[in-house]
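Peer 1: Using the sequences plus the hints, can you model the full thing?
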Amino acid sequence: MASSSSSSSTQVKKITLKAADGKHFEVEEPVAMEMETVKSFFVGNEDAMKDMVVPLLNVSSEHMPAILDFYRNHSEFRKRTPPPPAEEVKAFNEAFLENKSDEQLMEMIMAANFLNTKELLNFLTEAAANRIKNKSVEYVRAFFGIENDFTPEEEARIRAENEWAFDGLDED
Amino acid sequence: MEMESKKKKRNLHIPDDIIFNILRRLPPKSFARFKCVCKSWQSFANQHKYHNQKLLLFSSKTIQSIDIEADEIKAVDLEIPFKVSNPILQIASCNGLLCILTEREGFVIWNPLIGRYKRVSNTSEYKKFGFWYDHSTENYKIVRFKFMRFLDPNSEIQQRCSAEIYSQKSNSWQQKELLPWQIFSIFGDSLFGVLVNETLYWKIDYIHNCAVLCFDTLTEKFDMIKPPDNVHVFGLGAFKGHLCLAEYRKAGHFDIWTREVGKNQNWIKFMNLPPLIERKSSLFYRYLLPICSMKEDEILVGIRNLLTLLPIQREDELFLYSPEAQTYKKFHICDTVKHLIKEVTYTDSFVSP
Chain A
1 MASSSSSSST QVKKITLKAA DGKHFEVEEP VAMEMETVKS FFVGNEDAMK DMVVPLLNVS
61 SEHMPAILDF YRNHSEFRKR TPPPPAEEVK AFNEAFLENK SDEQLMEMIM AANFLNTKEL
121 LNFLTEAAAN RIKNKSVEYV RAFFGIENDF TPEEEARIRA ENEWAFDGLD ED
Chain B
173 MEMESKKKKR NLHIPDDIIF NILRRLPPKS FARFKCVCKS WQSFANQHKY HNQKLLLFSS
233 KTIQSIDIEA DEIKAVDLEI PFKVSNPILQ IASCNGLLCI LTEREGFVIW NPLIGRYKRV
293 SNTSEYKKFG FWYDHSTENY KIVRFKFMRF LDPNSEIQQR CSAEIYSQKS NSWQQKELLP
353 WQIFSIFGDS LFGVLVNETL YWKIDYIHNC AVLCFDTLTE KFDMIKPPDN VHVFGLGAFK
413 GHLCLAEYRK AGHFDIWTRE VGKNQNWIKF MNLPPLIERK SSLFYRYLLP ICSMKEDEIL
473 VGIRNLLTLL PIQREDELFL YSPEAQTYKK FHICDTVKHL IKEVTYTDSF VSP
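Line order of the protein sequences matches chains A and B.
So for the first sequence, this note's numbering puts the first residue at 1; every next one is plus one.
So for the second sequence, this note's numbering puts the first residue at 173; every next one is plus one.
Don't read these hints as lab results, they were simulated from the structure.
Cβ atoms here follow ideal geometry from the backbone N, Cα and C, with glycine treated the same way.
Each hint can be trusted.
Label-pair restraints from in silico Cβ distances:
#, chain 1, residue 1, chain 2, residue 2, range
1, B, Ile397, A, Asp172, 55 to 61 Å
2, B, Ile505, A, Asp172, 35 to 41 Å
3, B, Tyr222, A, Phe77, 27 to 33 Å
4, A, Asp172, B, Phe192, 20 to 26 Å
5, B, Asn218, A, Glu87, 38 to 44 Å
6, A, Asp170, B, Thr519, 24 to 30 Å
7, B, Asn438, A, Glu87, 51 to 57 Å
8, B, Pro199, A, Asn99, 21 to 27 Å
9, B, Glu336, A, Glu163, 33 to 39 Å
10, A, Glu163, B, Phe192, 21 to 27 Å
11, A, Asp51, B, His185, 30 to 36 Å
12, A, Met52, B, Glu244, 47 to 53 Å
Peer 2: Dropping the structure here:
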C-alpha cells in the first residue's frame with residue numbers, strides 16, 4: 001500500500017517516521033508534511049531533514065499504512081483539477097472505514113489528534129459520531145470506556161427529563 | 173456478552189477534548205440522550221449551543237420549519253403538541269424557545285426540539301410583546317404593554333402605558349413601569365419586539381413621529397431612539413445579529429440601516445434593496461427587509477406591511493435576493509404555507525419551558 005504512490009518520482013525526499021512500537025516508515029516529504037506534528041519538527045531546522053527519524057509516540061504501526069494512505073489520497077483529491085466527483089471521495093472514505101472496529105477507529109482518532117491533522121481528525125470523529133448516534137447510553141459508555149458516575153436516582157431523573165430522546169434506537 | 177468483551181479490550185484513555193469533538197457532531201436527540209452517560213457529558217450538553225439556524229414559517233394554524241443550512245431546502249411541518257383552537261397571531265423565538273400568541277388564549281412557550289410546552293396566563297387583550305431569555309438566571313421573560321386610563325387625585329383623566337414583565341421563575345406578571353400612553357401605539361408588524369444583542373426594539377408612533385422604543389433586557393430599562401435623520405417611514409427587523417431599519421427611498425428602492433456597535437451607535441446604511449418590479453405599484457404601504465443569509469450568498473427578503481395593525485390579515489411573501497445580480501426570485505417553498513403570517517429564525521436548544 002505504502003509503495004504504490006511513492007514511485008511517481010525518484011527525486012521526492014523521504015522522511016523516516018518511527019511508530020510507537022519502533023517500526024520505521026519511509027514517507028515522501030509532502031505526505032509527511034500533512035502532519036503538523038511532523039512539520040513542526042522541521043520548522044527552523046531544515047538541515048535536520050536528511051537523516052532525522054521522527055518519533056511518533058502515540059501512533060501504533062498497525063494504523064500507519066492506512067493513515068498514510070488517507071493523506072496521499074486526500075492531498076491528491078485536493079490538487080486535482082477539476083476536483084474529483086463527490087462519489088469518488090465518498091467511495092474512498094467508506095472503504096477506509098470498512099472493517100475497522102470501534103476500538104481501531106478510536107485508536108486512529110487518537111493518532112490523528114497526536115499528528116495534528118484537522119482533515120483526518122474531522123473525518124474520523126464524524127465517523128465515530130455516526131456510529132454512536134442511534135445507540136443506547138450503555139453502548140456508548142462501553143464504546144468510550146466511561147464509568148457511570150450518577151446515582152441511580154440521578155440517572156432516572158435525567159432519563160425522565162429527556163424521555164423524548166430515547167425512542168427509535170438501534171440495537172446494541 | 174458483547175459489551176463484556178468490549179470492556180476488556182478497552183485500555184485507551186480518551187481525552188475529553190476528543191470526546192467532546194465527537195459529541196458536538198451529534199444530532200440534538202442523541203446529544204440529549206447521552207446526558208445520561210456521565211456527569212461531564214451532562215454538563216457539556218447543558219452548555220452546548222447549536223448554531224444551525226432554522227427558519228420557521230407560520231400561518232394561523234400551522235408552523236413549518238426549514239433547515240436553511242441543509243443541502244436540500246425543504247419545509248417540514250412541526251407537530252404542535254398543544255391544542256390551538258384560536259388562530260396564532262404572533263410567534264417570537266429566543267434560545268430554542270418559541271413564544272406563541274394565540275387569540276383569546278394567551279400564549280404558549282414551546283421548545284419544539286424536546287416537545288415541551290407551558291401555557292402562560294394572559295387575561296386580556298395584549299398584543300404587544302417582547303420575549304427574551306436571561307442567560308445569567310436561566311429564566312425566560314415576557315414584557316407586555318397595556319393601555320391604562322385612570323383618574324389622578326385632581327380628578328383629571330390620566331392615560332399611561334403599563335409595561336408588565338412575566339418571569340418563568342416566579343410564574344407571575346409584575347408591573348415594571350408606567351410609560352407615556354403614546355408608547356402603546358406600537359404598530360406595523362413589530363408587535364413582537366425585535367430582539368438583537370439583548371435589547372428589544374419596537375417601532376412606535378410617538379407624538380406624530382415614528383420612533384424606536386428599546387428595552388435593555390439586562391438592565392430592564394426602557395429608552396427611546398430616533399430613526400436616522402429625515403427618515404419618517406420605516407420598518408424594523410433583525411439580520412445577522414444586527415438591528416435593521418428599512419427606509420423607502422423612491423421608485424421601489426429601500427435603504428437598510430443598522431446601528432453602529434459601541435459608544436456612538438450612529439445609524440449607518442449597509443445595504444440597498446432594489447425594487448421588486450412586479451410589486452412596484454403596491455409597495456407604497458409595504459417595505460422590504462432582509463431576514464437571513466441563504467446558500468450561494470443569497471439573502472432571504474420579506475415584504476412587510478407598514479400600516480396594517482392586524483397581522484392576521486396580512487399575507488407575507490418571501491423572496492431570494494442575489495446581491496451580485498441584484499435580482500429577486502420567489503422563495504417557492506413558502507407557497508406550501510397558506511396565509512403565511514410571518515417567519516422567525518430559530519436555533520435548537522434543550523431549554524425547558
